[in-house]
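Protein chains in written order, with the UniProt record's numbering: chain A, 1 to 337; chain B, 1 to 337; chain C, 1 to 337; chain D, 1 to 337.
Do not rely on the hints blindly, as some may be mistaken.
No copy is singled out in the list; a pair is fine if it fits within one copy or between any two copies.
Unchecked claim - Result set (BS3-like, lysine-lysine): computed pairs, CA atoms no more than 25 angstroms apart in a straight line: (1) LYS325 / LYS300; (2) LYS63 / LYS319; (3) LYS293 / LYS319; (4) LYS274 / LYS319; (5) LYS300 / LYS319; (6) LYS63 / LYS92; (7) LYS330 / LYS41; (8) LYS319 / LYS290; (9) LYS95 / LYS325; (10) LYS166 / LYS92; (11) LYS300 / LYS166; (12) LYS274 / LYS325.
Please keep in mind that the hints were generated in silico from the structure rather than gathered at the bench. This one's a predicted model, so the numbers in the text were calculated from it and none came from an experiment.
Number of protein chains: 4
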Amino acid sequence: MPATEQTIEDQRAKAGFNFREDIAPGLVLEMPLNSILHSSKSEFQQIDVIDSYFGRTLVTDGKTQSAQFDEFAYHETLVHPAICTYVHRTGKAPKTVFIGGGGELATAREVLRHPGVERVVMVDLDGAVVDVCVKYLPEWGGEAVKSDPRLELTIGDAYAYLLDTKETFDIVIMDISDPIEAGPGIMLYTRELYQHVASRMPSNGVFVTQAGIADAVPPPHVDAGDRDTTCFGPIRNTLSEVFDVVLPFTQSIPSFGSDWGFVMAFSPPKEESKDSPILPISIVDSLIEKNIKGGADSLKMYDGITHQRMFHLTKAVRKQLAIDKRVMTKDNPVFMY
Amino acid sequence: MPATEQTIEDQRAKAGFNFREDIAPGLVLEMPLNSILHSSKSEFQQIDVIDSYFGRTLVTDGKTQSAQFDEFAYHETLVHPAICTYVHRTGKAPKTVFIGGGGELATAREVLRHPGVERVVMVDLDGAVVDVCVKYLPEWGGEAVKSDPRLELTIGDAYAYLLDTKETFDIVIMDISDPIEAGPGIMLYTRELYQHVASRMPSNGVFVTQAGIADAVPPPHVDAGDRDTTCFGPIRNTLSEVFDVVLPFTQSIPSFGSDWGFVMAFSPPKEESKDSPILPISIVDSLIEKNIKGGADSLKMYDGITHQRMFHLTKAVRKQLAIDKRVMTKDNPVFMY
Amino acid sequence: MPATEQTIEDQRAKAGFNFREDIAPGLVLEMPLNSILHSSKSEFQQIDVIDSYFGRTLVTDGKTQSAQFDEFAYHETLVHPAICTYVHRTGKAPKTVFIGGGGELATAREVLRHPGVERVVMVDLDGAVVDVCVKYLPEWGGEAVKSDPRLELTIGDAYAYLLDTKETFDIVIMDISDPIEAGPGIMLYTRELYQHVASRMPSNGVFVTQAGIADAVPPPHVDAGDRDTTCFGPIRNTLSEVFDVVLPFTQSIPSFGSDWGFVMAFSPPKEESKDSPILPISIVDSLIEKNIKGGADSLKMYDGITHQRMFHLTKAVRKQLAIDKRVMTKDNPVFMY
Amino acid sequence: MPATEQTIEDQRAKAGFNFREDIAPGLVLEMPLNSILHSSKSEFQQIDVIDSYFGRTLVTDGKTQSAQFDEFAYHETLVHPAICTYVHRTGKAPKTVFIGGGGELATAREVLRHPGVERVVMVDLDGAVVDVCVKYLPEWGGEAVKSDPRLELTIGDAYAYLLDTKETFDIVIMDISDPIEAGPGIMLYTRELYQHVASRMPSNGVFVTQAGIADAVPPPHVDAGDRDTTCFGPIRNTLSEVFDVVLPFTQSIPSFGSDWGFVMAFSPPKEESKDSPILPISIVDSLIEKNIKGGADSLKMYDGITHQRMFHLTKAVRKQLAIDKRVMTKDNPVFMY
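Model the full assembly from the supplied sequences, consistent with the hints where possible.
Okay, here's the thing in structure tokens:
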């Protein structure tokens with residue numbers, strides 16, 4: 001397939017077909033549109049699968065969701081640090097995992113690499129995305145993940161599901177769209193939801209969420225609170241009002257056009273220290289070998305060294321986080337661009 | 001000025017003026033062109049200073065050289081890890097520093113923060129760039145740096161200068177354009193030049209160079225050696241044939257549209273180990289406090305934590321480096337896009 | 001200057017500076033931005049003078065107003081058919097001319113080529129545009145036109161001026177922006193204003209206005225009344241409710257990205273026929289020779305043959321006009337894109 | 001279909017999919033890419049059918065060939081003036097017609113509207129284009145035209161065919177790509193080919209060819225012969241060395257981004273005058289009624305009034321043609337951009 005795609009790409013550059021995406025207000029990333037593999041309009045959004053600079057790419061409402069050449073960077077970063085942290089702190093594998101969103105199935109794919117996981121509940125709003133990904137993006141997980149007996153897939157509102165469920169989850173992963181004004185997920189980024197989630201997790205249960213753009217060098221207008229397009233700070237702040245330990249981390253995702261933020265949060269039992277030093281290289285590598293099927297060979301991005309990079313934020317980002325005091329509540333949500 | 005620039009930017013978005021740059025073959029970054037502060041054609045290149053998404057920006061032959069909002073990330077990363085490593089290994093400050101290129105003066109600005117430095121020899125091909133930067137980009141260094149008595153600025157060919165000089169330098173910094181076929185700097189990226197430079201440095205003298213794009217997730221065609229647009233691997237490989245210790249590191253530079261590579265190299269005296277573990281946070285912070293005028297407050301990007309991030313490369317980048325065997329010699333140069 | 005501009009253009013193509021303009025909803029024209037000669041924000045609009053594909057170009061609020069290489073096509077088409085028609089019908093030169101808008105001064109420049117004209121009253125809202133054009137676009141008219149003793153230039157609201165004046169004008173020329181919702185000129189496109197203007201003109205006095213985009217092949221959605229971006233039909237229809245003879249005509253203006261519409265209107269005295277056949281080639285050429293200073297050599301676009309082209313509309317445009325029934329009144333204005 | 005397309009277009013604008021085409025060196029037209037209906041690579045070129053601003057559009061090697069919303073303007077202009085001129089001069093319908101190129105079948109569609117035509121020989125290099133157009137662009141002609149018993153379609157080199165054939169043709173129509181350096185059609189634009197074609201036509205037989213971009217206001221660099229991107233003048237000049245009467249004409253084709261040139265040529269018998277005044281409105285309309293199946297109702301663009309517009313060129317274009325002395329021969333071809 002790469003060979004063919006290369007050829008198509010060369011043709012397409014000639015044809016002048018492009019995909020343009022605003023990656024920040026005023027900043028556009030443009031790349032060749034080699035082909036449109038699928039287009040449809042679901043109840044919730046426009047869904048396109050294209051072949052472009054970063055390989056096959058899922059695009060919803062014009063926004064890149066994940067791309068063939070670097071989706072692993074996003075999904076491994078979202079999943080494994082959180083689970084490894086849980087294993088490290090509790091000495092056991094998590095048994096139950098909740099995924100909010102995750103329609104591409106790749107988050108579930110990474111979770112299911114952990115043999116100790118017995119049950120994964122995934123709740124995504126848009127069943128059409130799941131179907132499209134199974135068909136056009138099988139490497140993301142596809143039928144193999146969808147039909148894994150450990151996965152329970154529910155099409156519906158993750159917020160309502162979480163409020164309603166009586167179940168508890170060792171790990172809760174939020175793989176949902178950024179909080180934008182018109183978006184369905186805005187409630188999933190509030191202190192109230194985080195409080196509820198905390199109540200549905202055991203001690204040392206780990207919550208993790210994607211947290212939007214987190215450039216290594218935030219532009220100065222972000223300092224000014226003007227046209228702020230980030231939610232990294234607010235998510236960290238809001239989680240800090242609910243959990244005792246809150247760890248922001250980042251990973252460069254080229255198809256997103258920048259570094260990307262994630263936040264992990266948990267509350268140690270009273271008797272444990274709230275200190276949570278960055279896990280050393282050797283411990284992470286050992287956790288991977290013991291807890292992930294296939295060990296290090298299964299993963300393309302995550303290992304002990306990469307863990308250091310992810311959790312050691314640049315001075316510029318740390319300064320930016322330090323001055324950001326915004327908290328997201330039901331009554332005062334924070335909207336991104 | 002920020003307030004005014006904000007206003008101009010809003011007007012310009014309306015006016016439809018844009019700056020488009022190919023950051024890789026097929027990948028375009030487009031941003032508002034708020035104003036063109038300067039335009040001229042020197043003997044060597046088209047020189048423009050614009051105000052754009054990343055603030056005031058130096059553009060030569062259509063390529064972003066550095067931008068107001070993140071030039072510090074590039075220049076601090078190029079300079080301080082190398083000098084701190086020298087100080088840490090030798091126990092003393094470097095006295096003499098050579099800068100190849102560096103016309104923006106910001107590399108010299110960072111070098112001159114080290115009070116122990118007695119003499120900086122900077123050789124840039126294009127005096128017009130220096131003049132333009134002094135006038136339009138004073139924060140990069142400007143007249144203050146240019147007229148610093150420790151700086152000896154020569155307009156000319158750094159390659160010829162290095163071959164000719166009898167002087168030795170504790171630190172050699174290459175702040176030059178990527179090796180492209182038509183570029184003047186291609187000879188500055190060869191094994192032969194590195195060998196000569198090594199002969200002009202004391203034991204434990206540190207060489208450092210920028211090394212082009214170094215995405216956290218290199219696209220797969222790079223694996224295939226096809227349309228390879230990187231020089232990160234070849235520079236590391238070539239330096240490894242000359243120096244005993246070679247350390248690649250990266251930093252995200254948003255205005256360059258990706259992570260950026262750097263390589264540091266040195267040869268410890270025979271009696272010293274060739275091991276060179278990544279300097280711990282506390283040691284870097286201590287080196288900064290002792291060796292940089294103003295200490296940590298002087299720097300916006302570099303500190304002990306950021307040092308961890310820079311030198312812990314992602315698994316994907318390490319894998320990419322591991323398979324890249326190219327070496328750059330006079331007879332077999334490696335050309336980038 | 002052309003030689004230099006050519007050189008700058010080549011440099012700029014390399015630099016990636018562009019000017020993008022939406023010429024219709026979804027249709028973008030992009031060209032190299034060679035230089036920005038002037039930028040300011042007046043009380044009413046953003047004003048830029050750029051050097052681009054069509055030479056020096058006045059851009060207000062991101063919309064091309066006129067460009068060096070084809071402004072003559074627009075201004076000659078706006079002015080001379082109307083005045084020649086007046087001379088042909090009345091057997092005498094017009095003495096008084098009113099120009100609504102016209103800040104670039106080129107409309108006045110064309111009017112003043114008619115030696116019989118004794119008085120030109122020009123009322124433009126934005127004095128800043130006039131000043132900028134005098135300084136940066138002298139070929140449009142500049143100081144020579146501005147200081148012509150026959151020209152009386154008033155900075156103010158043309159609508160208010162017309163309602164207030166007791167004067168009559170042999171020729172009334174509207175050289176104003178398209179009627180957009182937020183625009184100041186919307187009242188100048190209403191039946192009520194046209195009725196008032198008619199009352200301030202002698203029998204056979206000629207009214208002419210620019211009338212927006214008028215593509216030779218209107219896209220089908222225009223048929224459907226959906227997303228209609230034209231005002232050509234509504235202007236013709238509205239004038240038809242006020243004047244006995246209404247003549248739509250078009251001219252290709254490459255810097256506007258399409259054919260452009262104009263409408264001329266007048267009411268012959270009762271005793272004269274209301275037939276108004278398109279003036280034959282020889283008559284137009286003769287009128288030009290007799291009534292324009294310098295004769296045919298003064299004009300780059302208008303002559304008898306071009307007159308045939310302008311007034312013979314394509315079948316597609318005529319069909320489009322035939323089905324367009326919209327009329328513009330104070331209470332029911334028509335807004336363009 | 002329009003309703004659906006409208007919907008898809010709205011979705012696509014959101015998705016950021018675009019089609020960019022250089023319509024002249026430095027001038028880009030960009031529009032939404034609603035969908036890619038077909039993509040393939042034939043022996044000769046990349047072939048794409050897209051749905052875009054101008055409806056379904058055939059794009060080969062990145063160049064728009066014709067578009068749903070205005071293909072009729074191009075094809076009616078290419079065919080009917082030539083045939084009507086033949087009928088007017090000879091008093092009879094043409095019986096045999098040769099089409100060089102014409103793979104979209106729409107040129108044949110227009111020719112076949114003339115019931116007197118008994119035989120149409122069409123020779124196009126690329127059978128894949130014909131197949132794609134039959135399938136995706138049926139309104140262009142499709143199966144109905146392809147299977148018309150009067151049409152003889154040959155896939156092959158029109159140049160070789162013309163040199164080889166012993167047949168004569170009343171009408172010869174060249175519907176081929178512009179003469180670009182790499183293009184296959186360069187020989188079809190030479191004096192030598194025109195001489196041969198003339199020898200294969202009866203007295204008063206009419207030759208017509210598309211002739212590339214012909215802006216109403218050519219940019220000044222065209223005057224300078226520098227970066228000339230037109231072939232309108234050279235085609236007219238070359239035909240003038242072979243035929244007695246040569247008539248350039250133009251039509252605005254919005255999807256081509258400008259006015260487009262055509263040239264008609266013929267040689268009256270010795271006893272007839274070489275004067276060839278532009279056919280009056282009434283004669284053209286009468287020729288249409290008598291010689292085209294369905295009469296005026298069959299045509300969307302061509303009629304007597306439109307004929308006036310097409311053949312009355314603007315003063316600027318006439319001036320440009322007057323100074324262009326280039327002639328195209330085998331040894332000295334003229335290449336377009």
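Quick rundown of the hints versus the structure:
1. LYS325 / LYS300: Intra 35 angstroms, inter 20 angstroms, cutoff 25 angstroms: inter-copy only.
2. LYS63 / LYS319: neither (28 angstroms within a copy, 29 angstroms between copies)
3. LYS293 / LYS319: Cα proximity of LYS293 and LYS319: across copies only (21 angstroms, versus 38 angstroms in one copy).
4. LYS274 / LYS319: The answer is within: 22 angstroms in one copy meets 25 angstroms, while 35 angstroms across copies does not.
5. LYS300 / LYS319: between (30 angstroms within a copy, 9 angstroms between copies)
6. LYS63 / LYS92: neither (38 angstroms within a copy, 52 angstroms between copies)
7. LYS330 / LYS41: Result: close neither inside a copy nor across copies, 29 angstroms intra and 40 angstroms inter.
8. LYS319 / LYS290: Intra 36 angstroms, inter 22 angstroms, cutoff 25 angstroms: inter-copy only.
9. LYS95 / LYS325: Neither: 35 angstroms inside a chain and 44 angstroms across chains, both beyond 25 angstroms.
10. LYS166 / LYS92: Cα proximity of LYS166 and LYS92: one copy only (23 angstroms, versus 64 angstroms across).
11. LYS300 / LYS166: neither (36 angstroms within a copy, 48 angstroms between copies)
12. LYS274 / LYS325: Within one copy only: 22 angstroms inside a chain, 46 angstroms across chains, cut-off 25 angstroms.
In summary, the structure is inconsistent with hints 2, 6, 7, 9 and 11 from the numbered list given earlier, while agreeing with the others.
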